[in-house]
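Protein chains: 4
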Amino acid sequence: MIRFESDYLEGALPEIMARLQETNYVQTAGYGVDPYCDAAREKIKAACEAENADVHFLVGGTQTNTTVIAAALRPHQGVLAAESAHIEAHETGAIEATGHKVLTLPSLDGKIRAEQVREYVLRHRADESFEHIVQPAMVYISQPTETGTVYSFSELKEISKTCRELGILLFVDGARLACALSLDYTPTLQELAELTDVFYIGGTKHGALFGEAVVILNEDLKKDFRYMIKQRGGMFAKGRLLGIQFEALFTDELYFKTGAHEMRLADKLRSAFSDKGIEFYYNSPTNQLFPVLNDAQLEKLSAKYSFSLQKRLDDGHTVTRFCTSWASREEDIDGLISDINAL
Amino acid sequence: MIRFESDYLEGALPEIMARLQETNYVQTAGYGVDPYCDAAREKIKAACEAENADVHFLVGGTQTNTTVIAAALRPHQGVLAAESAHIEAHETGAIEATGHKVLTLPSLDGKIRAEQVREYVLRHRADESFEHIVQPAMVYISQPTETGTVYSFSELKEISKTCRELGILLFVDGARLACALSLDYTPTLQELAELTDVFYIGGTKHGALFGEAVVILNEDLKKDFRYMIKQRGGMFAKGRLLGIQFEALFTDELYFKTGAHEMRLADKLRSAFSDKGIEFYYNSPTNQLFPVLNDAQLEKLSAKYSFSLQKRLDDGHTVTRFCTSWASREEDIDGLISDINAL
Amino acid sequence: MIRFESDYLEGALPEIMARLQETNYVQTAGYGVDPYCDAAREKIKAACEAENADVHFLVGGTQTNTTVIAAALRPHQGVLAAESAHIEAHETGAIEATGHKVLTLPSLDGKIRAEQVREYVLRHRADESFEHIVQPAMVYISQPTETGTVYSFSELKEISKTCRELGILLFVDGARLACALSLDYTPTLQELAELTDVFYIGGTKHGALFGEAVVILNEDLKKDFRYMIKQRGGMFAKGRLLGIQFEALFTDELYFKTGAHEMRLADKLRSAFSDKGIEFYYNSPTNQLFPVLNDAQLEKLSAKYSFSLQKRLDDGHTVTRFCTSWASREEDIDGLISDINAL
Amino acid sequence: MIRFESDYLEGALPEIMARLQETNYVQTAGYGVDPYCDAAREKIKAACEAENADVHFLVGGTQTNTTVIAAALRPHQGVLAAESAHIEAHETGAIEATGHKVLTLPSLDGKIRAEQVREYVLRHRADESFEHIVQPAMVYISQPTETGTVYSFSELKEISKTCRELGILLFVDGARLACALSLDYTPTLQELAELTDVFYIGGTKHGALFGEAVVILNEDLKKDFRYMIKQRGGMFAKGRLLGIQFEALFTDELYFKTGAHEMRLADKLRSAFSDKGIEFYYNSPTNQLFPVLNDAQLEKLSAKYSFSLQKRLDDGHTVTRFCTSWASREEDIDGLISDINAL
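Chains as they are written, first to last, in my numbering: chain Y, 38 to 380; chain Z, 38 to 380; chain G, 38 to 380; chain D, 38 to 380.
Hints are computed from structural coordinates only; laboratory data are not their basis. Among these hints, one or two may not hold up.
Identical copies carry no separate label here, and so any pair may be met within one copy or between two of them.
In silico SDA-like links for lysine to any residue, alpha-carbon gap of 20 Å or less [unchecked claim]: (1) Lys-305 to Ala-76; (2) Lys-259 to Gly-204; (3) Lys-260 to His-161; (4) Lys-259 to Arg-111; (5) Lys-260 to Gly-204; (6) Lys-348 to His-169; (7) Lys-348 to Arg-155; (8) Lys-313 to Arg-162; (9) Lys-194 to Leu-380; (10) Lys-194 to Glu-79; (11) Lys-348 to Glu-156; (12) Lys-198 to Glu-79.
Just so it is clear, the structure is predicted and the values come from calculations on it, not from any experiment.
Please put together the full structure from these sequences, using the hints given.
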């Protein structure tokens, strides 16, 4: 069985495993104040051209979202997000467990539009009962989104402009950021640093064992952020493990190369499904593909491959998900393509 | 200016004011363990034919919703409610501030259907990622709803049956319950006590200065509930004030008569709008009416009356709200009706 | 049975009951934006000589403490308080339920000293693990304290100076403030307004049916405070009831006269215990007295009076509490004094 | 500089690094439902002789404490712990951030006694204001404690018996459990499984890169625990990494051997300090030593070694901490001992 159901099925890139091995007996202080973390921070700030940024390393996505959002909001404030956003749909109420409401915006493709944000905020401000309603104070988007779609540079710029005009924060979840960075019409790291208040660079889904690098640009958010990390359970004892991994990812463009690898294999796979006349439920240009398989196709592919079943569409069709990852091998993709061709 | 924008514009029923005055110098213990509270509890249990119920008195609706829901749920559980539910739309995230997500169901009339509950819960249970999604564990409905509509006995029975089959709790917010009780096709107090796990009998909007009486039927919910009241700020020092008011409301059917008065005047007003060809945005049979006024009508009525503006419908029309209350005077309603006729 | 166990055993001052009756049918907007609340706010600001203060009315003490503290602190911050403070000892974890730790300082008399605050904060800042420890960000004191003791003007000034030097907030719980105001060595309302960031003027224990008036001086705390009130369940539908009561309390010095009455009767009672050689467990100059009774005394007084049993001191003695209130009658105090003399 | 300030200064045991390397390209499902986690669970249950236990793997200690405690308590309940307990003193209010109060018991040696628990709980139950006070519902202890001391089998048995008689839960934090297990008078894994409701086996400080294995014995606590893990940010995407590490630790007694190694080197070091007449601030029989150094000693040792400064004791003395770890080398310990001898 060859697995494609997610992009966290294997361990880590060989460069990372090697560095972990090499440094195994080096002694460092704990909790992220070691030389490896320092070096990784410098490399990330350089890549973002954001010398004044604060960079923190956390273990996973839910932890990161919770820590950032709870640190930024006052009790009566909520965070705007698409209905399909990870914080709304797949974190078991982790944001609410910190006391904050996720304020949802409808979305068919996983993205929200600047105009939706503006309308929501202005409607709240114009409501005579505004004090009885959670105050929208932050926008959360994922790049790429949970459905694989991406924000173009101009879309993000428009959202950023809207947020700044309205005086609310913009937070970008980059769990799979390397894939988005690999497209030429999406914001670069430098542009993300210019346009957002805080974003993160996902490691877990791009070849690290684990780890997310939070880049904070907004001065108010920087203050006391390490207390927040500790309180939310993210102050990692052997914090150097995060530094070692991100230092490796930001050496010799490894992070970008990993994204490019995932994207190239996804492109091949996308074409194979398309050529076969199989449609996609979401129009994803990134490493998550959502082909709609009929029952015969589903049965045949299931015999040899694992992939995720998203939802039953109608009596004969199912939305599925296939992901490529840093570890996907060309020969496995080619094999899958042959099997698709033979459907 | 005669005001109709809500049903909490005045003080309290004369019977209540008189009792407060008469008992003013009587000394009693604090925190709701006095003879007045005891007597009120007995009267309410008798009215509900629920001798084993626990009855607690709280000050207001948001406090009551928060206390009940936080007492009932474990951290990973959420409460199902209509999109327009008070706890979702107008409590500034009070439920989320206790750590719990409100799980919304779409609704055009403020009501939810048993089938929606069943589908939501079964879909959650069937999802392979169910542990990544908030677990629905309680249904919250308002009787009447925020839009003035009501659940019939058979509708509530169906919701209750569904909740019990699914093993989830049913909680009814009765902030304006007296109005619903006044209709012959809605559940009675006894039926509410049979069909729900917990509900409350609203005083604030039916002639009390303030106060909501929580009736707990479910044994698990009874345990340690007074701790919850204290923690959520609802342990009222001079608790007897709540007992005195509810004892008065449940003496000589005062609560029911108050509801009937509000309903009778609302019926007259509803007919007047209808006769004039003015449509209602929500089809409310209770004391909140939502006529859609055109700009000319709005301007004329605004000169003499205050009422609430719910939303701008289109370029020439506005959804408004007119409420009758325990204190509404027949002559004021008749005057308003004349002015409607003259529009 | 004549009761002395607390100061919330009766209803309200006749001036308040009369005003509630007089205004009963006047129509006003809800939620504290009515003319009575406005008038009460103006009177309180005038009494405090603090024209720029924001004044809000809440229903009870726990609700007020919770709302103020949760509004002021970021997630990693805690509030310093005496071990015997109400928020630490008698609010069922209401502060923790908002996510914040109460950081306790030892105290024998219910008061904390400026030096304790300074030491605690400086020790935290000097600790290399400071980010692993809750950050002290506010001082909470009660005036009078839970044991009836009071802060002198110079003591409060010193605490205030310390807080400002350290950059932390000062919050004064004035549930029984009228008693403290009645002493000549304690801070006046104007001085409280100068020295604190926020304090409240207790109504419940000084002749109101209920109600606490929060006076916010610190600009940062003012922002969006009404959202906080709503979220914590304190947005009172018939908010005017609070305005009417506080307007009455701040008309013709009624609040101060009420405090003076409670204090005068407490003084008489204190002398009676002292003259009899009965000692006090706490050295309270206010309306709560804590005489240590032997078993014979306890039995005799219990036959005719109710009072609260604080703790068993040793095999033959019990710490008790006797309170005077706005409603205490001279003849009842005199009768009790005779019975004390006859012990 | 040779470092002794903590036991998380290095990476992981060679056996663990080897297994991570070997399994790097194996594909498995995420979130802890893979064959490695299953195998590790079986080995741990076998070692505990607790076939019905539920075993979950989390990333770190604060996360584990928060998840277990928040899962177990209802809103009005708190957890009893020593004043020096990690959850009280060094987790930035993580427990309070879940809404629960830590109820502290005084302790000079980091341990609490069964009698203290009994007294606290019975005093609460006897208090007339019990509903105004947080309800103690769980005991949290660390084995070894934060000061290196340990509970003997009979001490733990007495605490367990007391908890069961009182109907409250017992939770043991075993962040450094391997050290305690290495002593013959402490409870074994099987005894921990018999005497507690839930405990955890610490990996981070015993040679894993990271990871804590939670063993749940109490049926009520087992229910829906994975939801709690997800909500608190502990649902690790590449969950297999935890399984691989714990499987290695519980193969060929590696966990026990690691503890024994740490203890043997600590014993040598302890003797060296003692022989030199240097006293210990805490009487720790485990791998954390707390020698009190005078300024001359401090200066000399600081030149060559790093260790942690706990607190300034008096004008000439400082409490320090030296830890041995899985990675401590015999020659480094011997070198340090020579330097101590030469002081």
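Status of each hint after checking the structure:
1. Lys-305 to Ala-76: This pair counts as neither: shortest intra-copy Cα distance 36 Å, inter-copy 37 Å.
2. Lys-259 to Gly-204: both (17 Å within a copy, 18 Å between copies)
3. Lys-260 to His-161: So Lys-260 and His-161 pass the 20 Å test across copies only (17 Å; inside, 29 Å).
4. Lys-259 to Arg-111: The answer is both: 15 Å in one copy and 13 Å across copies each meet 20 Å.
5. Lys-260 to Gly-204: both (19 Å within a copy, 15 Å between copies)
6. Lys-348 to His-169: Answer is between: at 16 Å across copies they meet the 20 Å cutoff, but 37 Å inside does not.
7. Lys-348 to Arg-155: For Lys-348 and Arg-155, the Cα distance is within 20 Å only across copies (18 Å; inside one copy 32 Å).
8. Lys-313 to Arg-162: Cα proximity of Lys-313 and Arg-162: none, with 50 Å in one copy and 34 Å across.
9. Lys-194 to Leu-380: Neither: 43 Å inside a chain and 51 Å across chains, both beyond 20 Å.
10. Lys-194 to Glu-79: So Lys-194 and Glu-79 fail the 20 Å test inside a copy (26 Å) and across (47 Å) alike.
11. Lys-348 to Glu-156: between (31 Å within a copy, 14 Å between copies)
12. Lys-198 to Glu-79: Close neither inside one copy (28 Å) nor across copies (41 Å); limit 20 Å.
When the structure is compared with the earlier hints, violations turn up for hints 1, 8, 9, 10 and 12 and for no others.
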